[in-house]
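Novice: If you're matching them up, the sequences are chains A and B in order.
Okay, so the first sequence: first residue is 0 according to numbering that gives the first Met the number 0, each after it adds one.
Okay, so the second sequence: first residue is 0 according to numbering that gives the first Met the number 0, each after it adds one.
Hints may contain errors.
[As the list claims (entries may be wrong)] From the structure, some residues in chain B lie toward chain A, with a derived Cβ separation under 7 Å:
1) VAL19
2) VAL223
3) ALA272
4) LEU339
5) LEU415
6) THR460
7) GLY464
8) ASP467
To be clear, the hints were calculated from the coordinates, so they are not data collected in a lab.
Where a beta carbon is used, it is the ideal one built from N, C-alpha and C, also for glycine.
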Amino acid sequence: MSATVTPPPKKVNRLGLEVLSYKGGKTTLCAGCGHNSISERLVECFYEMGVDPLSVAKFSGIGCSSKSPAYFLGLSHGFNGVHGRMAPVATGALLANRNLLGLGVTGDGDTASIGIGHFMHLLRRNMPMIYIIENNGVYGLTKGQFSATADLGSTLKTGTANELPPFDCCALALKWGATFVARSFSGDKRQLQAIIKTAIAHKGLSVIDVISPCTTFNDHEGSTKSYSYVKDHEEALQELDFVASFQEISVEIPEGEVRDVELHDGSRLRIRKLHRDYNPTDRLAALTLLEEADAKAEVLTGVLYINTAKPTFTEMLNMADEPLATLPESRVRPGRAALEEAMEELR
Amino acid sequence: MSTVAVSPSEPLSEQKERSVVNDFSIQVATVNGSGSQTANSVLMRAIFQMGIPVSGKNMFPSNIAGLPTWFTIRASRKGYVGRRKEVDFLVAMNPETAREDAMKLPSGAALVYDEPLKLNELRGDLHFYPVPFDKLVGPVCPEARLRKLVRNMIYDGVVAQLLSIEMEEVHRALVKQFGKKKAKAAEMNWNAARAGFDYAAATFAKTDPFRVERMNATAGKIIVDGNSACALGAMFAGVTLVAWYPITPSSSLVESLIGYMRRFRHDKETGKATYAIVQAEDELASIGMALGAGWAGARSMTASAGPGISLMSEFIGLGYYAEAPAVIYDVERVGPSTGLPTRTQQGDLLTTAILSHGDTRHPMFFPCSPEECFEMSIQAFDLAERFQTPVFIMTDLDLGMNNWMADPFPYPETPLDRGKVLNAEDLARLGGFARYRDVDGDGVGYRTLPGTHHPAAAYFTRGSGHNDKAQYSEREDDYANNMDRLAHKFEVLRGRLPDPVVELREDARIGLIAMGTSDYAVRESRDQLLEEYGVPASYLRLKAYPFSDRLLEFIRRHDRVYVVDQNRDAQLLGLMRLDLDAALIARLRSVRYYGGLPLDARTVTDDIARQEGL
Chain A
0 MSATVTPPPK KVNRLGLEVL SYKGGKTTLC AGCGHNSISE RLVECFYEMG VDPLSVAKFS
60 GIGCSSKSPA YFLGLSHGFN GVHGRMAPVA TGALLANRNL LGLGVTGDGD TASIGIGHFM
120 HLLRRNMPMI YIIENNGVYG LTKGQFSATA DLGSTLKTGT ANELPPFDCC ALALKWGATF
180 VARSFSGDKR QLQAIIKTAI AHKGLSVIDV ISPCTTFNDH EGSTKSYSYV KDHEEALQEL
240 DFVASFQEIS VEIPEGEVRD VELHDGSRLR IRKLHRDYNP TDRLAALTLL EEADAKAEVL
300 TGVLYINTAK PTFTEMLNMA DEPLATLPES RVRPGRAALE EAMEELR
Chain B
0 MSTVAVSPSE PLSEQKERSV VNDFSIQVAT VNGSGSQTAN SVLMRAIFQM GIPVSGKNMF
60 PSNIAGLPTW FTIRASRKGY VGRRKEVDFL VAMNPETARE DAMKLPSGAA LVYDEPLKLN
120 ELRGDLHFYP VPFDKLVGPV CPEARLRKLV RNMIYDGVVA QLLSIEMEEV HRALVKQFGK
180 KKAKAAEMNW NAARAGFDYA AATFAKTDPF RVERMNATAG KIIVDGNSAC ALGAMFAGVT
240 LVAWYPITPS SSLVESLIGY MRRFRHDKET GKATYAIVQA EDELASIGMA LGAGWAGARS
300 MTASAGPGIS LMSEFIGLGY YAEAPAVIYD VERVGPSTGL PTRTQQGDLL TTAILSHGDT
360 RHPMFFPCSP EECFEMSIQA FDLAERFQTP VFIMTDLDLG MNNWMADPFP YPETPLDRGK
420 VLNAEDLARL GGFARYRDVD GDGVGYRTLP GTHHPAAAYF TRGSGHNDKA QYSEREDDYA
480 NNMDRLAHKF EVLRGRLPDP VVELREDARI GLIAMGTSDY AVRESRDQLL EEYGVPASYL
540 RLKAYPFSDR LLEFIRRHDR VYVVDQNRDA QLLGLMRLDL DAALIARLRS VRYYGGLPLD
600 ARTVTDDIAR QEGL
């Protein structure tokens, strides 16, 4: 008789799911790609937040970033759409089923070039979803052309310098209506986690611009989106702690001024200021801050803006509480009297 | 050739040697934005209420106000509602075009015109009825700023008097037009119509032969434009997501839908909508939203016209390969860009059938009437979900924006077909599924919707690079197998489309083929060919693409088959060329019209007579 070995209890989240339930396929991106780090953060955050992966829908466009939804949340439906147009697909799907948690992952080519129109209108609608921009300033799958977020003067591997100013996706998001706007760095695990968790808890549109270096085409001397450049120039606005609604508040209150932002689901984002006194509910201040950081060549990261009061597009449409997609025929096909009424008017 | 009814009871004086009853067209030439639409609708409706088959066609410029516009009302006791090339009765209200309009009239036509235009000086072979509109409008409309609008109603009265249209019916039509809420406006307009009638009665001795006579051919019928009919169809098909971008001539389809949905698709208790309608930033977003919603399980749609459909091209290809349902209305018009956006055409057939890059094929419905707009809308939503693919409904400006007589729409008796969707219980029973596996032999896989509460529900949706389990694959065999399955699916779908309407004549050597609004002109032309040339012709009207096998049988039966197209490049015939074998193609001839107006019978008849050497 062999001795029975009791395996150690498996670590599970509040839904009783292991972290494995949040993983996806094996990545096919380059070793060291910032996007892989973001995928890992997404797995951790959705696991730790105890989000039901069966109620998540993933959306992406085209590009390296847009491939990544295959590498996390394998139990969630995903739609890899066309280049630049993740936003409309996500909008349609999320209106069809308002109970879904929408997670969009795109790149800077998708968002700031080919799809900038859709991005702007998504902002304008405050469409409730998470919109992550994996921003490396370069087109990877087509082998290293500048994107519209490449900084002025940043160089390609060939030495060619970028001569046009970049779009700052956070500034666009602030100006045109996103209700949670943050910038982070794929190499800043702690900050990115707090930001993603906040986005999960936030009920409106969350735009997270994550500087995510491309190790193959944009990680060289002269690039402003390389690991070393971002590490040298990153200026974190705050120290962030996310306290989920179901967690006991056991986080030590750090020294210095602390601001708590209560989110829709009862979670709280605890923000400790670092060098500046900054109120993240002040949109105008956020825009000013970005301008200032730009002038100083700082890569400003942290929570730029949060507004928990603004109505979302779904709320504005006054839709039924149940998903439109599965409403029964009795609720979507009006009765005979309605047709008769319409016909009578035309007689 | 107009049909002339000679009434033997009348004295055969020179002026009244013939009487043309219920068979003529009235054209009203006005300035865009002058409010003539109300007057024209009332006139059309009054004739309709007298039981006479009638159709109305608005030819308007791409302009808000100031450019010329023409509205043609055709009364036809035989029920011909296509455009008539000849104008028999002109109301010339637009000084800009009055001279040219008058010069184009056939000899013997009647002409009501604003007296100061002095059109009677132009030629002598018309029946002239000058009316001093400005003098008449003052007393009936004290408010000077409203006179421009009310002025038009005077011609309704004049025309009613001259054509024997019953004034009670004009009044009824007016009241219907203005509704109870605008009783004051209705009264003012009624006074204007009366003033016109009284003036005509007191002033004119009728010299033209045209008049109406009460019939009983419109009892129970409705008057509706095709866009509203499509809107009603979509609503009764249970559409839940509508994404659109305004474009002539499809805008009124969605606007009409918004109106109906607000009335009939809100929960009575909570007031909440059982739908979402989004005016998107462009047509790419519209189709993206529609496909996203279709993928998530909603009945989704968009409506557009050629320029917008072109923009949707890439997404439509993704819809085809990702196998996401959506219904797309294409209200065809002339294009692109500043290309006669307010004129009709069937110019999108070829591009839409294969819209997008790579190998793609899309089903298209071809409604020809409001009844079919309604019925095919319901069929299209079912088909899109059953076959998990974008489905097009091809109408055109003529059908979409003009008013048509129609039978009241029947309530749909078959339940919605939501297609092959596996829910959590199904998955528990089956243990899993392969998204793109052809389990049933019809080429259609089973799908799950996001949010389905089962760990085996999820799949990752992409373009064509996947195996039957929806896993990423660039393997040659996976790609080819998927392509073959999609081709097979399209073949199965072919059998689920409505059959063409076929009217065979045993003695016919020639056949005519048409689709959509060409039907009216072709039916009339068929009668003309028989009456004027003694040439019988069979007729087949296609209702959908991919084409039914009955098309092949029809072509085989005839020596020569004329395919009627409302475009320059014979697109309908071109689609047949893609599908048919050479022996059948050799029998096809083309009749094409591409002037931007609705097709008329005379054009078809003349072209066929020429080609037949008649």
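Novice: Each hint: holds or not?
Specialist: Do the hints match the structure? See the list:
For B:VAL19, the suggested interface contact is broken, since its CB lies about 28 Å from the closest CB of chain A, more than 7 Å. Here the hint on B:VAL223 is kept, as its CB sits about 5 Å from the closest CB of chain A, short of 7 Å. Using the Cβ-Cβ criterion of 7 Å, the hint placing B:ALA272 at the interface with chain A is satisfied: the shortest such distance is roughly 5 Å. Taking 7 Å as the C-beta contact cut-off toward chain A, the hint placing B:LEU339 at the interface is violated, the least distance being around 27 Å.
Annotation: interface hint on B:LEU415 holds; nearest CB of chain A at approximately 5 Å, less than 7 Å. With 7 Å as the threshold, the beta carbon of B:THR460 comes within range of chain A, its nearest partner Cβ sitting at about 5 Å, so the hint holds. For the restraint placing B:GLY464 at the interface with chain A, the shortest Cβ-Cβ distance is roughly 10 Å, beyond the 7 Å limit, so the hint is violated. Because the beta carbon of B:ASP467 sits about 17 Å from the nearest beta carbon in chain A, more than 7 Å, this interface hint is broken.
Of the numbered hints listed earlier, those contradicted by the structure are 1, 4, 7 and 8.
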